[in-house]
Structure formats: C-alpha cells, structure tokens
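A.B. asks: Whole structure, please, built from the sequences with the hints as guidance.
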Amino acid sequence: MTEVVIKNVIKRYGENQAVQGINLEIKDGEFAVLVGPSGCGKSTTLRMIAGLESVTEGDISIGGRRVNDLPPRERNISMVFQNYALYPHMTVRENLGFSLKIAKLEEQKIAEAVNHAAEILGLDELMDRRPAELSGGQRQRVAMGRAIVREPDVFLFDEPLSNLDAKLRTQMRVEIKKLHQHVGNTIIYVTHDQVEAMTLADRIVLMKDGYIVQVGTPLDLFNQPVNTFVATFIGSPPMNLVNAVVQGENAIVLEDGSHLPIPSSAKNRVEDGQKVLLGFRADHLMPKGHAISEEGPTGEFELPINLSEPLGAESILYTEIAGQEVQAKMLNPRPVVSGEVLKFELQLDKCHLFDSETTEAIRS
Amino acid sequence: MRHALNLAWQVINVDHNNSHRNRSYVLKGAYLFALFVVMSIICIPGLWIVLNSFRPAVEIMAKPPIWTPSFTLDHYRALFGGAGEGGVPVLSYFRNSIIVSVVSTVIAVLIGMSGGYAFARYRFKGKTGYFVGLMLFRAVPGVALSLPLFIVLSRVGMIDTHIGLIFVYVAMNVPFTIWLTDGFFRQIPKELHEAAEIDGCTRWQAFWQVEFPVARSGVASAAIFAFLTSWNEFALASQLTRSVDSKTMPVGLLDFTAEFTINWGGMCALAVLMIIPALVLTFLVQKHLIAGLTFGGVKG
Amino acid sequence: MANRLPSWLLLLLPAILVIAAVVLIPLIFSLYSSFTAYKLTRPDTLWQWIGTLNYEKILTDTKFWTAFARTIFFITIVLNLELLLGLGIALLVNKVTWGQRGLRTLLMFPMMFSPILVGFQFKFMFNDNIGLVNNVLQSTGISDAALPWLVDAKLAMFSIMVAEIWMSTSVFAILILAGLFAIPRDPLEAAAVDGCTPFQSFKHITLPFLMPFIWIAMTIRSLDVARAYDIVQIMTGGGPANRTELLWTLMSRTGYVDARMGLANAMGYVSIFLSIIFTIYFFRKLSASRAQLGMAGN
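Chains as they are written, first to last, in my numbering: chain A, 6 to 369; chain B, 2 to 301; chain C, 152 to 449.
Be aware that one or more of the hints could be misleading.
The following residues of chain C were derived to be distant from chain B, with all beta-carbon distances above 12 Å [as the list claims (entries may be wrong)]:
id : residue
1  : A188
2  : W200
3  : D212
4  : K214
5  : T217
6  : F224
7  : T227
8  : N231
9  : T256
10 : L298
11 : M308
12 : F309
13 : R336
14 : E340
Simulated pairs of lysine-lysine, DSS-like, Cα-Cα distance not exceeding 30 Å [to be verified]:
id : chain 1 : residue 1 : chain 2 : residue 2
15 : A       : K272      : A       : K355
16 : A       : K293      : A       : K348
17 : B       : K29       : C       : K246
18 : C       : K246      : C       : K436
19 : B       : K29       : A       : K109
20 : C       : K436      : C       : K354
21 : C       : K436      : B       : K128
22 : C       : K354      : A       : K114
23 : A       : K114      : A       : K183
24 : C       : K436      : B       : K126
25 : A       : K109      : C       : K354
26 : A       : K106      : C       : K436
27 : C       : K305      : C       : K214
28 : C       : K354      : C       : K246
29 : A       : K106      : A       : K182
30 : A       : K12       : B       : K29
31 : A       : K182      : A       : K12
32 : A       : K106      : C       : K354
33 : A       : K183      : A       : K172
34 : A       : K109      : C       : K246
35 : A       : K114      : A       : K182
36 : A       : K172      : A       : K182
37 : A       : K280      : A       : K348
38 : A       : K106      : C       : K214
39 : A       : K272      : A       : K293
40 : C       : K190      : C       : K208
These are calculated hints, taken from the structure and not from any lab test. Cβ coordinates follow ideal geometry from the N, Cα and C atoms, glycine included.
C.D. replies: Okay, structure coming up:
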C-alpha cells in the first residue's frame with residue numbers, strides 16, 4: 006500500500022508561511038499532479054514528501070508510516086529533478102546503477118535492472134556517455150531511468166519538463182504517461198503548466214499561495230471549477246469572465262444592458278441585485294455556422310472581431326462583449342478581417358456564474 | 002487483531018522518527034563544539050603572544066606560573082624609545098621593512114600587471130611555455146636561491162642595501178602577481194576595451210580608463226599579497242642583509258631571539274608589531290585571494 | 152625600436168628581465184659552482200673545476216641522507232595531515248550558515264604570519280621553562296617534569312611539525328571551502344534520495360568534485376613548502392646536535408657557516424629538484440582530475 010497522506014502540514018521559513026495547513030490523500034497507484042502558479046507551495050510540498058525539506062507542523066505519511074523525521078533514503082521514494090541532477094562524473098550506466106550500488110545489490114542484479122530501465126527509455130546507445138555529452142531530452146530520460154531502476158513506493162517528479170523545448174515536452178509527456186501505465190506506482194508530479202496537469206493526472210491538486218484550492222479529476226476542474234481562479238487557470242484559452250448583475254430570479258444583465266437567462270446550474274441560488282461574473286469558455290462562444298451543433302438554449306450576439314489567431318483546424322477570435330474582451334473559437338474557419346462583425350451563439354447551459362466578491366462558483 | 006498490528010507498527014515508527022531526530026540534535030552540538038575547538042586553536046598562539054607583550058617580565062618568568070595577568074606597557078615603551086628594547090634597533094628594522102616591502106610591491110605590481118595583461122589578452126607562440134616557466138621559478142626554495150644570490154650580489158656590492166633586497170623581492174613576487182592579474186583580466190570581457198577604442202581611445206588609454214578600474218580590486222589584492230610576501234620573508238633577507246642599514250623585521254626577530262632569550266616580553270612586543278599590518282591587510286583581501294588562488298575555479 | 156617588437160613581448164619583457172637577472176642567472180651560477188670546490192673563504196677556488204665530486208660527496212654522506220630522509224618524512228606527514236585537517240575544518244565551516252565570512256577571515260590568519268613569527272609563537276609556547284604548554288601540563292597535573300619540547304629529538308620534530316601544520320592547514324581549508332561552495336546542490340539531493348548516508352554522499356559525490364581543489368592546494372603548498380626552513384631556523388636551528396636537521400638547514404649551514412659554497416650549491420640543486428618534482432606531480436594530478444569531471448582545460 007503506497008498511499009501518501011498529508012495532514013495539516015504547515016511549512017514556515019522565518020516569517021513567511023509557504024504552505025498553510027494543507028490536507029491531502031493520494032491513493033495507491035494514483036497519478037496526482039500538484040499544479041499552480043509559482044510560489045504556490047507545490048514544490049515545497051513535494052520536497053517535504055521527499056524529505057528534502059523539514060515539516061514545520063503536521064504529519065506526512067507514506068504507506069501508513071509517519072515519515073516526518075526520516076531522511077530521504079528511508080522513505081523508499083525516488084525523484085526526478087527539474088535540472089535532472091545527474092552525477093556529472095559518472096557514465097549513464099553508472100548513474101542508473103548508483104542507487105543499487107549503494108544498496109549493495111549484486112552486480113548481476115544491478116546490470117539487469119539497469120538494462121531493463123535503459124530498454125524502456127531507449128537509452129541503450131548512450132550507456133557509456135557522460136551527462137555533459139547528452140542532449141536535454143536524453144538527460145531527462147536518464148533522470149527518469151535513475152528513478153525507475155529502484156522500484157520505489159512513490160515516484161516524485163519536480164517540474165521535469167520545464168527545461169525542454171515545446172516539441173520535446175509533448176513527446177516526453179506521452180512517455181511519462183506510458184511509464185505510469187507500465188509501472189503503476191503512485192506518482193506525485195509538480196508542474197506549473199496546466200496542460201501537463203490536464204493530460205497526465207488522475208487527479209489534479211490546484212494550489213495557490215500555500216493553500217489547496219481544488220482537488221479533482223481534470224474534467225472535474227474543467228467543468229466544475231470552484232472559483233474564478235480555477236476557472237481561468239485550467240483550460241486554454243482561459244475561461245472568459247464578464248461582469249453582470251442579477252435581475253429578478255431568472256435573468257442577469259450585462260454592462261451594456263443586454264439580458265441573458267440565468268444558467269441552469271445557478272438557478273435559485275442567487276439574489277436580485279447580486280453582482281456576479283458570467284463565465285464561459287471560448288469553445289462555447291462560436292460564430293453561427295462555425296460551431297459544434299448542440300441543443301440547448303443559446304444567447305445571440307453580434308460582435309466585432311478585433312484579432313484572430315488561426316490555428317489551422319480552428320481559429321481563436323478576440324472580440325468583446327459589453328466592453329470586455331473575450332475569446333471565442335471558430336471551427337472550419339475562414340479568414341476574417343479585423344473589424345468584421347459576426348453573429349455569435351453562446352451556449353447557456355455551459356455557462357457558469359461566480360459571485361463577484363467571493364469569486365466562488367454559484368452552483369447547486 | 003489487525004488494529005493491534007497497526008498500532009504496533011505506528012509505535013515502532015515513532016521510535017524510528019525519534020531516534021533520527023535525536024541523532025540530528027546530538028550531531029549539531031558536536032559540530033559546534035568541534036568548530037569552537039578549531040577556532041580556539043587558531044587564535045590561541047597569537048593571543049598568547051599579544052597577552053604576554055603586556056605582562057611585566059617578572060610575571061612571565063614566574064615559576065610556578067601566575068595565571069592572573071597584570072598589565073604594563075613597559076615593553077612597548079622600551080621598543081620605541083631610544084635604542085629600542087635591550088639595544089635592539091627595532092625602529093630601524095621597521096623602517097627597513099616598510100621601505101623594502103612598499104617599493105618592491107609597487108614595482109612588482111606594475112611589472113606583474115603588464116605581464117598578466119599580456120597573458121590574458123594576447124595569443125602567442127610558446128605561451129604555455131612562458132607561463133609554466135614563470136611558475137616553476139617560484140618553486141625554487143628561497144634558501145637554495147640565497148646561496149648563489151649572495152655570491153652574485155656581494156660581487157656587485159649590493160649586499161646590505163635596500164636596493165639589492167628590493168630587486169630580489171620584485172623577482173620573487175612577479176610570478177604570483179602575473180598569475181593573479183592574469184586571472185582577473187580574463188574575467189573582463191574583451192568587448193569593453195574594443196568599445197573604448199571605437200569610442201576613440203588608444204590601447205593605452207583604453208586600458209587605464211576602462212580595464213584597469215574594473216580589475217582594480219583584483220590588482221589591490223595582488224598588491225597586498227606581494228606586500229605580505231616581502232614583509233614576511235626571511236630566508237633571503239637573512240643572508241642578503243648584514244647590518245641595521247637594511248635588516249628587516251623577520252631577520253631582526255631572529256637576532257633578538259638568539260641574543261636575548263630571556264626578554265620574552267620585549268620579543269612578544271616586537272612580534273605584535275610584525276603581526277598587525279599582516280592582520281589588517283588579510284582582512285581586506287580575503288575574498289579576492291581565494292578567487293585568484295583557485296585557477297578560476299573548476300569551471301576552467 | 153618599440154614599434155618592431157610585438158606588444159605582448161613588450162609587456163612581458165620587464166618580467167622576463169627581472170626574473171632572468173634574479174633567478175635564472177644565479178641558478179646557472181649555482182649550477183656551475185656546484186661543480187667546483189668553491190669556498191667563500193678562498194674566492195679563487197671558484198675556478199677549480201672538480202666535476203661531480205660534490206654530488207658524489209653528498210650521495211655518500213650519511214648526514215646528507217639523514218637530513219634528506221628527515222625532510223621527505225617531514226613533508227609527507229605534514230602535507231597529509233594538513234590535507235585531512237583542512238578537509239575536516241572546511242566541512243565544519245561549510246555547515247555554518249551565519250558568520251561564515253568572519254570564520255573564513257579568521258581561518259586565513261595563520262597563513263598571513265611570517266613563518267619566523269609562527270616559529271617564534273611556538274618557540275615561546277613550547278619553551279620548557281616558561282612555555283604555555285608545559286605550564287598547563289604541570290598546573291593540571293598531567294605531567295610532573297618539564298617536557299623538553301625543543302630539545303629531545305622526537306619531541307622537537309613534533310613541535311616543528313605542529314608549528315608548520317598550524318601555519319599551513321588554512322591553505323587547504325580555504326581552498327577546499329571554495330570547492331565545497333562550488334559544488335552543485337542537485338546531485339547531492341539526488342544522492343540523498345537514492346539512498347546515500349551523509350558519508351556515502353560525501354564519498355561518491357562531494358569528494359570527486361573536490362579533487363581539483365585538493366590538487367590545487369597541494370600544488371600551491373609544494374611551491375611553498377620550503378618556507379618550513381624559516382620555522383626550523385628560529386625554533387631549533389636544525390639542532391640541537393642536528394637532531395632536527397632538514398635539507399634546507401643543512402644547506403644553509405654548509406654554505407654560510409662552513410663556507411663550502413660549491414657543496415652547498417649542489418645540495419641546493421637537490422632541494423630545487425625536490426620542489427619541482429612535487430609541484431609537477433601535483434599539477435598533473437590537477438589536470439587529470441579536472442578532465443575526469445568533464446571540464447575543459449585552463
């Protein structure tokens with residue numbers, strides 16, 4: 006059993022509280038991703054799990070064992086570092102086998118494990134090279150190989166892909182996901198990139214300023230964000246937010262006076278006059294004739310195009326509603342001219358309402 | 002049953018956590034203690050000398066030893082007044098040391114700087130050869146060199162003169178000064194003086210206006226190191242000087258010790274006089290010295 | 152004329168001239184005179200060529216070999232102890248987070264004293280009558296009699312070594328400290344995760360990184376090792392009765408006291424070779440260790 010339990014953990018550096026009392030339970034075999042803007046405490050949390058930082062208050066347990074005071078070597082974890090942390094004076098083979106050598110395994114067993122890891126990651130040709138002779142992607146794979154060779158209880162990844170170029174990053178993402186399917190151990194992965202979080206995670210832990218904001222599956226966070234922070238962090242392009250005021254029991258009024266019915270998720274949960282934010286994704290605001298055909302109520306707008314970003318299969322259109330800039334998508338796109346006015350449809354069922362003051366989602 | 006096992010597991014684990022925590026506390030204490038011991042060992046000999054320079058001779062010689070010190074400036078007074086402590090012309094020695102050290106430092110730094118610049122900025126055939134040769138000359142032990150130098154200098158009539166000693170010290174200091182300044186000049190990007198030349202400077206002007214100011218602190222540490230080497234040098238000075246005219250303080254200290262093994266207080270005072278410039282200068286230079294000594298560190 | 156010579160030569164010329172005059176020429180002269188029967192008291196003996204007689208005399212002289220052996224013994228023990236102690240001190244100081252700069256400065260003091268001064272300090276402390284060491288030993292009752300630190304053969308060697316080690320351990324400590332500072336932190340963390348105890352991390356990760364710095368320190372020290380001459384001269388003068396005679400004091404005595412310059416210069420050359428061999432050896436090791444770490448040359 007290799008679940009990881011974090012209970013009321015606080016991390017203080019002098020006056021500064023980097024992690025403010027978080028609680029988290031990561032299940033056995035789960036791929037959990039800690040994601041958030043820089044300074045949110047995700048790396049600190051990971052390092053506390055690893056034993057590279059001390060825990061100021063609270064408890065961390067791995068596999069039912071409290072590990073607060075145990076040094077890293079007694080926690081049966083392995084870690085892939087952001088800068089790979091390869092041993093520069095050892096060959097790839099020696100790097101991979103180092104931990105097993107320390108554990109005093111027989112040479113033959115070490116060679117077996119090392120070759121097995123090398124095979125999985127395609128390192129067979131590089132075994133006798135030194136890190137200085139490898140490219141970024143190759144070093145990354147050696148770092149991963151070093152981690153899997155030991156077959157630990159938990160794998161920790163600390164922003165492993167940040168130093169790679171975009172193309173390599175997408176490739177390695179797939180490798181990591183395949184690795185998890187292959188090996189099946191618990192993985193805790195830290196990144197600031199929400200795309201990585203969405204594509205890799207079984208569950209995402211979104212953090213901000215030392216707190217956990219929301220925990221859930223990628224689709225949970227995408228479809229049911231608990232507040233505007235989650236809504237705008239997850240998903241690309243980020244969710245549009247437009248100011249509005251509740252009118253009566255069934256409608257909201259935008260700043261330019263236009264009326265819209267209240268999204269069904271928020272019915273009966275608002276008061277007349279309440280200041281709210283209407284949230285909708287670019288995927289749900291599309292020009293007529295260039296949309297996914299769906300049923301359900303729609304709101305119609307005539308909007309000018311300020312800017313367009315053609316991506317090939319779709320274009321991102323920059324436009325505005327009630328004076329606020331929003332982004333929309335266009336499927337089967339045709340070239341658009343700046344200033345052109347198009348008829349847009351907004352799918353009301355997919356809209357969210359957030360309270361302007363608390364920024365929390367209004368939902369049943 | 003399972004519950005009991007679980008509890009047992011927790012208990013064992015708490016012990017494990019505790020033992021690690023205790024161990025780290027004990028280790029921390031041990032570190033601090035060891036550090037304290039080391040620093041004391043470094044400071045005690047020097048402090049002991051300074052302390053004793055302020056104790057009256059009677060007390061120093063007392064048997065059984067007196068542990069509560071009393072204070073007197075007698076030794077220092079004797080040192081600076083008249084013919085010096087017990088007839089030892091301390092002030093003359095001091096004067097000689099200052100003259101020789103300062104002059105040789107200035108010359109050595111100028112020569113060293115120009116040599117260092119040559120190595121840092123130019124490529125030429127046999128460069129490594131020159132460099133290695135320069136360094137190897139430093140490997141010659143002072144005392145071995147003093148033998149032929151003594152003969153040569155006495156033929157030329159430069160024994161017991163300031164000039165003779167200065168000349169020798171310059172040669173002694175040049176290799177290391179070149180080495181240090183080479184390191185410092187290398188750290189200054191070439192583009193700086195190229196930009197200055199584009200702006201209208203000659204090579205000479207570019208150097209003094211742009212490169213030298215940036216390397217100033219490095220040159221200062223090279224100067225301080227050269228000064229200290231000359232200030233502290235004994236092996237060559239002991240043979241190349243004969244009289245009060247040119248004897249430096251290290252030689253003076255030995256003479257003093259040989260003649261007057263009884264006047265410990267006076268000798269301690271003399272020793273203090275020697276230490277003070279060294280300590281002050283060390284404080285100023287410590288950071289750069291390390292940078293210069295590590296051959297540009299491991300980054301090559 | 153200045154326009155004909157390349158700039159670099161012009162800049163380097165003063166240095167070359169000075170060193171040629173003060174070092175090269177005397178060295179050549181020294182070499183020449185080592186093949187003569189030159190005595191200071193009879194200057195015309197300078198022209199009396201005796202071939203390798205001086206060298207033969209040295210190589211068959213027990214006094215020489217004793218001094219030589221003692222010197223090698225001295226250097227070996229002192230360098231190794233300084234390395235170990237310097238390493239230990241560097242590791243200790245490295246752990247301190249606050250006030251490290253002050254500690255480093257403190258660490259440099261012994262290096263900055265004149266060796267004569269260092270010798271004097273310890274001569275004072277080891278004095279059998281009024282020295283601090285004996286006073287403490289006797290007051291605390293550890294020893295009754297006054298120990299003859301500077302007279303007894305073994306104790307005197309010990310005292311000299313203590314003085315030399317006190318003076319030069321700092322060189323190692325400071326250079327190794329600079330090395331520790333330069334070690335990247337990541338591989339050390341990876342080693343901790345990979346299962347290393349602090350000792351294992353040190354052995355497999357820290358130490359390989361430190362090797363270049365250790366060799367640098369050794370190279371520098373071997374350039375300077377003859378400074379021990381100053382210490383011995385003031386503490387024991389090579390005696391009493393030649394019990395602490397090292398190569399350098401023997402040389403000095405032969406040349407200046409006995410006035411047998413030719414012979415002394417021959418010894419001088421032996422000591423020069425000794426220094427150079429040590430230096431070159433350590434420099435080679437330095438280059439090798441840097442290559443090992445995968446770094447470009449100087």
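A.B. asks: Under the constraints set out in the numbered hints, which ones does this structure not fulfil?
C.D. replies: 9 and 38
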